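J.: Below, each chain spelled out in residue letters.
Number of protein chains: 2
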Amino acid sequence: MAIRLKYWGWGYENESLTATEKSQLLSALAEGYGIRPGPELPVPGLAEIDLADSRLRLPAPIDHFSTAEPYERVLHSFGQSQPDSIRIFARDFSHAPDAVAYPRHEADLITLFDWASEAQVALIPYGGGSSVVGGVTPDINGGFRGTVTVNTSRMNGVLEVDPLSRAARIQGGARGPELEAGLKPHGLTLRHFPQSFEHSTLGGWIATRSGGHFATLYTHIDDLVENVTMVTPGGRIVSRRLPGSGAGPSPDRLMLGSEGSLGIITEAWVRLQARVRFKATAGFRYPDFLQAARSVRAISQTGLYPSNVRIVDGVELGINGAGDGSFALLVISFESSDHPVDVWMARAAECARDGGGIPDVEGGSDPDAHLKGSVGAWRNAFIRMPYNREFLTPLGIISDTFETAITWDRFEPLYHEVGQTTRAAIRSVTGAEGAVSCRFSHVYPDGPAPYFAFHCAADPASMQEQWWEIKQAVSDAVMAAGGTITHHHAIGRDHRPWYDQQRPGLFGEVLAKAKGQLDPKGILNPGVLVDTP
Amino acid sequence: MAIRLKYWGWGYENESLTATEKSQLLSALAEGYGIRPGPELPVPGLAEIDLADSRLRLPAPIDHFSTAEPYERVLHSFGQSQPDSIRIFARDFSHAPDAVAYPRHEADLITLFDWASEAQVALIPYGGGSSVVGGVTPDINGGFRGTVTVNTSRMNGVLEVDPLSRAARIQGGARGPELEAGLKPHGLTLRHFPQSFEHSTLGGWIATRSGGHFATLYTHIDDLVENVTMVTPGGRIVSRRLPGSGAGPSPDRLMLGSEGSLGIITEAWVRLQARVRFKATAGFRYPDFLQAARSVRAISQTGLYPSNVRIVDGVELGINGAGDGSFALLVISFESSDHPVDVWMARAAECARDGGGIPDVEGGSDPDAHLKGSVGAWRNAFIRMPYNREFLTPLGIISDTFETAITWDRFEPLYHEVGQTTRAAIRSVTGAEGAVSCRFSHVYPDGPAPYFAFHCAADPASMQEQWWEIKQAVSDAVMAAGGTITHHHAIGRDHRPWYDQQRPGLFGEVLAKAKGQLDPKGILNPGVLVDTP
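From first to last, the protein sequence lines are chains L and A.
Just so we're aligned, residue 1 is where the first sequence starts under this note's numbering, counting upward by one.
Just so we're aligned, residue 534 is where the second sequence starts under this note's numbering, counting upward by one.
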């Protein structure tokens, strides 16, 4: 039997944190912040999950590419959010989808849309299932007669490669490693590496405006899209494949960020890179996060466009075993398929030193610089982070992240207010201190994308309510400080209340009209993005 | 009396081509291509223009900021397109607006929208009036009781500057020189320099997705916009000011490209640059335009992001007195506010030489390199080009341009097919050869934005019909070859038939819904972008 995906956490069943990683994490939380695990909840066995009978009988043409097998229904009951994880360990699968469809091509999708529109069945588009905001959690209100999750993983090919333009036509269901494997023989790469890379898809990235590898310039998948093909209940939308255009409001920008509520993205032409040949990474330590942030601002306005320019504060370094908590770390990388990047790095490093940074790793052209020092330690932890939650949740430890973007003039107030609010909310909700940390995930000339993480010990009996109280407080604080409710995690169901505040009211009405046009019966991802008018 | 704007051409009444420029242009056209002027039509005097009586009596609160003075109605009867120019010299002002409003603030706009919606009056948003695609030409069908052009030039302030984020809040009616003057004391600049810079506005740039100074990276105004405020008949839309976001489909991207048909852009926060301190320009000659294009492709994929990387073919150089027709010219520039750009230039120049380019100017760090050789000669002609039309049209010479963008894999076929179609259309329509030229205005890693120009001698009696026949043929050819109907000239009234083909049908229906929501009576710029459902 093939190794299966976990339904209680990240990745495959045979993968998790090592014993060493687990004990490092627990001792960092306990020693640094007094956050101690409670009694451990066991992983729910498939047999002990109380799964309601499927409410749907799928017609033969759909049944043909669908399944109601318990493992599949359980696997597709959740994404990867903190509340998802809490409900998994609380064995609450009450909203499991009635079936999971695996369409093989657009014709299957159209059959599915037609049937679901007629039969009042909600459809949940599902790429890799990596949503951390409830985007694929089929928790539906309204008069639906059932729910089918639509897993796009069978539509996962690299269909065409254009080496001259460095572009490829790729199906929406292709996961990161799949599409990279398809591009490799051509010497090309998309180099879009969200933390979810292994278990997320091109279509999912486009639907959620995913943020990737590049900390500057091509930050979002938006910037890598030449065109999009989306199948909707109302028909097919194919935008013209172009390197740039000025012909009216961009049709791609309606599909980018549509979060499965307007249609399913079946294909896109995307912009590629040649393989990286030159690389340089350097790390700098700062006594203070805000001091590091000022160096990042200086670098962001040089026009050097580093592929990586991130800062991580002492708390996050400490929790991840990459620092002793006494310093913040700035990581700068440049990469090129064309030319040595030493001159670029020298100037950026000068900015860092001018701002008071002390070299941690100064790799120059050492190809392994990014693996050394605190830089390397944090990088390794970053790759492993998605496995933390399934370890901490059953121990009663909330471990969540949220992120935003803000212009430089309002960044420091936001940093203070959001940090204080998060700490105060944890204290007020749980009665104890938590650990709250911040890093930058992406940086623009006019402002950073701050990324916050928090850990705290929860009451196992009310862990969900405690999480939600904290989540509300921090989201309110982000909005009040002028940030966006999400820079790249998407809206999903969890961010919807704040998205509704952030979105200009009239634009919301236009989106509702778009929804009415493309999905007149409102069957697609109900609760996400916008409601059917 | 203050010097007034010309109603028959570009800029102010006291500005035009010099005698030397005129004779250079005529002899280049005659000697190179046998294109000779016919008898000259005089500029129409204001008194000889047959202007219908205004059909509207404006209510006092609107009359207060409006005028029906003949000069104003005549001035606002046309933009700067070839068909506009032909009609001006044919003295056809039959569609002149009934009045011109100069709102002072958003409250005036709201008053205007409410009245016009009620009174069935069409409103034509007008920034600098530089549209070359009929975007401000009040040629309206449908049951309107009159037309008022809405000139935004009184709402032209730089309201706020944020030096930390390098951003400013600027009113939509600010022209290029006005906003740059407002930014200068802060040591900042937008550096968005479309050819229309002097007589176009920030709001117009946003409404038409203007293409600016930078040939790579920040090509369109889109990339410089942090937020947009738009007043519509249905209400006000203000997007959140952010350096980046991933929260749903971008509201800004609905307003970018809306071409005055959804609302009037009253304000935007835009991203600025520090003043340029380092600069390098080099020019290379190639025997063949396509060979030069291959060098541009190589440079576009290096990740060097030159501020300028344009090629101009021998025909265009010849007509503009910047070459003898025997070579194509590649111009490469780098600029920075932060660091010397020699290393960048050295690598780009290497690509140019590897591709067979022969140095024309190799300026290195010579700050005046861009003023020398063929590079400098073409640059000077470029700045003066907007004055050509008012000189050539009355001599019976059609002089028009059109532009597109295309991926590299389809560029060479497009170049051949569009070029051949243009030459054949001129031959078939006018019975003589014309001059057809091509340059690149902007360049992306995945393809260029080719910009075509053509000149031909027309029959003065049917100049408009001849132009339209050629325009149809070349637009069909651009579409058939896979290009966009516009990269940065916008759609206006002239490109509407091809935009309707290019736009995905369902997206068109969504836009129509947006129009219905924001402008329910369809009073805004009728005929442009999308029709009221």
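If you're looking for bench data, these hints aren't it; they were derived computationally from the structure.
Be aware that one or more of the hints could be misleading.
Facing chain L, from chain A, some residues (calculated, C-beta under 7 angstroms) [stated by the list, open to error]:
1. S698
2. S772
3. S778
4. S869
Since the structure is predicted, the reported quantities are computational estimates derived from the model, not experimental observations.
We put the beta carbon where it would ideally sit given N, CA and C, even for glycine.
J.: Which numbered hints does this structure break?
T.: The structure breaks none of the hints.
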